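J.: Below are the chains, spelled out letter by letter.
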Amino acid sequence: MAEVMQDTQEVKEKEPLFGKAERKLLIDPINDNNPITVQVLGVCSALAVTTLVYPSIIMAIAVIFVTAFSNLFTSMLRNTIPKSVRMIVQLVIIATLVTIVEQVLKAVNFPVYKQLSVFIGLIITNCIVMGRLEAFAMANKPWRSFVDGIGNGLGYGLILVIVAVFREIFGKGSLLAGSPMEMKIIGASDLYWINTATNPWFGWYMNNNLMVLSVAAMFILGILIWVQRSRNPKLIDIS
Amino acid sequence: MSGLIKFLKKVEPDKKKSPFLHTLYDAVFTLFYVPDHVTRNGVHIRDGMDLKRTMVMVVLALQVCYLFGTWNIGQQHFAALGLYPGALEGLHLKLIHGLIKVLPIFIVTHVVGLGIEIWYASKKGHGVEEGFLVSGALIPLIMPPDIPLWMLALAVGFATWIGKEAFGGTGRNIWNIALLARVFVFFAYPTEISGDQVWVSGIESAAAGAAVDYGWWHLTVFNGLFDALGWATFNPAATVIDGFTGATPLALAYAGGWSAVTEVYSVDQMWWGAIPGSIGETAKPLIILGALFLILARIGSWRIMLSMFIGAALMGLIFNAWGATPFMQVPWYYQFYMGSFFFAMAFMATDPVTASGTNTGKWIYGMMIGALGLLIRVSNPAYPEGWMLAILFMNMFAPLIDHYVLEANMKKRLSRA
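Chains Z and S, in that order, are what the protein sequence lines are. Residues 1 to 239 (the numbering used here) make up the first sequence, in order. Residues 1001 to 1417 (the numbering used here) make up the second sequence, in order.
Just so you know, these hints were derived from the structure itself, not from any lab. These numbers come from a predicted model, not from an experiment. Even glycine gets a Cβ: it sits at the ideal position worked out from N, Cα and C. A hint or two may mislead.
Unchecked claim - To give a feel for the contact side, a few chain Z residues facing chain S, derived at Cβ under 10 angstroms:
hint : residue
1    : 143
2    : 196
3    : 207
4    : 208
5    : 221
6    : 223
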């Protein structure tokens, strides 16, 4: 134990603010150790909020904010939190941050707040947040914990947005609906780029209702995991 | 014959260079000749009742349904136009119209399904399995005749890829492949597979006065042929007659009970199957014939079929006693005349891969499908038919049922010891 302590002490002195270790903490959760597709955490919210891209992006930002700052604060307090009540203290931190996010979103973008409704509040119970606190922030220094929080939030958000892009394009024929950059791609009126009512090539097209149901997120997540596990050499399961 | 084998040997693609072509070649080759594969290690028991024979028996049992379905598409089409009411009047027109609808569905199903199947077989390095023979024969029979082909292709692709290959191929799927294809269309494009508009083909809508929807095959190819032969031809100016609704007996029963059904369809007509519906599921006697054939060939389980019948009958009796809606008051025995109960019983529930394996389990499994299916049929406002959903639901529980049956048996035998 003493040796380990010494090692970290030594490393600390010559360590840059954003070195290799930090980069690894930031990049790893995006692919090799993705919270959704590899650790399979936070799936419920990934199923629930991904019908549209824009709310998913907002949700991703909210989760990045919460994971990053809860990691930071927990890491700062890690030596003073008694082991027996650590969960409660962590929850207080998370709940405070989530409440801040909720109030800010309510003030800034009320329509999206209404769309996300209960799922913003449910970030408190998102396994990713708690998982990172327990697995990382309780044992690491504040700056690294902060980077780790951002990384995991990004990994979560990336999957959320990928799933939402598929679901929105095939389910509703639009992209980023509700946002200022709304794109209407395919549908049966003049508002869409491809108007299926008049276009000679796409008259057959219909929106896929399955994509609007949360079942579709399950399929897409499954396919993403399948693709990732067969492509990423670190995850190929030889059994 | 020796010329054929010489030719086949000559065109054999290289296995290493083009595995896809080689698998395709292998599939065709084994149709004509017994392959020279030999077992390499271990002890093997060979049985004449192999996978291929099992599958082919089911496909054989389905042939009468195909034949009837082809005729019935034409019959329903002309019933909507008020032409050729007799079963044999305008027979050539009915059969040709049916073929124009069935053949593309059949071809698309097989090209997509077998394509995925062969691609995976070549990737995994084994011969293509026979599993898709049955799924591919079943899928066209449970689709509405006017289903858009791209939708069908998507559904078949989904069922084969996600439902089967993702789980490891033939014999490892949890859900019935054919029903997965149908349930995909049901959830993704509900307007194409439910309601009153979709069960009669070749008309633009089921409203009175709507025009027929004939294509190049009808008007150019076959009208030309029939003209030359001096037979009756397709009439492009025909319109849908007054009073035609396109509603299936189930839709009518949901709205107004048994009396509403018998106003439009006679009991005999429903029994023999000249009613709108999916392509192959309407003719009850022919399906029972297929079911008997399956039982005699020891492929379909009579336990599942019988228990499913009992389950549905019991549920029907319960509904009769309850009688809260017109549909519940339909006498329980008439429930079997409507909808696709027999097709689901004979060909869907008995799928040996997805059904329960133990004998006790089969009774429970069938009984639950019967009861649940009727429950969904009677109480689901969006879609008055339930066998597809009931079977898929029970498919999921089949391993659990087997598990508890085995546990109970072990406990019984342990207590006896």
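J.: Each hint: holds or not?
T.: Right, here's what the structure says about each hint:
Taken as an interface hint, residue 143/Z does not check out: its beta carbon lies about 42 angstroms from the nearest beta carbon of chain S, beyond 10 angstroms. Nearest Cβ of chain S to the Cβ of residue 196/Z: about 13 angstroms, over the 10 angstroms cut. The hint is violated. A hinted interface residue such as residue 207/Z counts as satisfied when its beta carbon comes closer than 10 angstroms to some beta carbon of chain S; here the least separation is about 9 angstroms, so the hint holds. Evaluation of the residue 208/Z hint against chain S yields a held restraint, the C-beta minimum of about 5 angstroms falling below 10 angstroms.
Because the beta carbon of residue 221/Z sits about 12 angstroms from the nearest beta carbon in chain S, more than 10 angstroms, this interface hint is broken. A distance limit of 10 angstroms between C-beta atoms decides the matter here; for residue 223/Z the minimum to chain S is near 8 angstroms, and the interface restraint holds.
Consistency with the previously given hints fails for numbers 1, 2, 5, ordered from lowest to highest.
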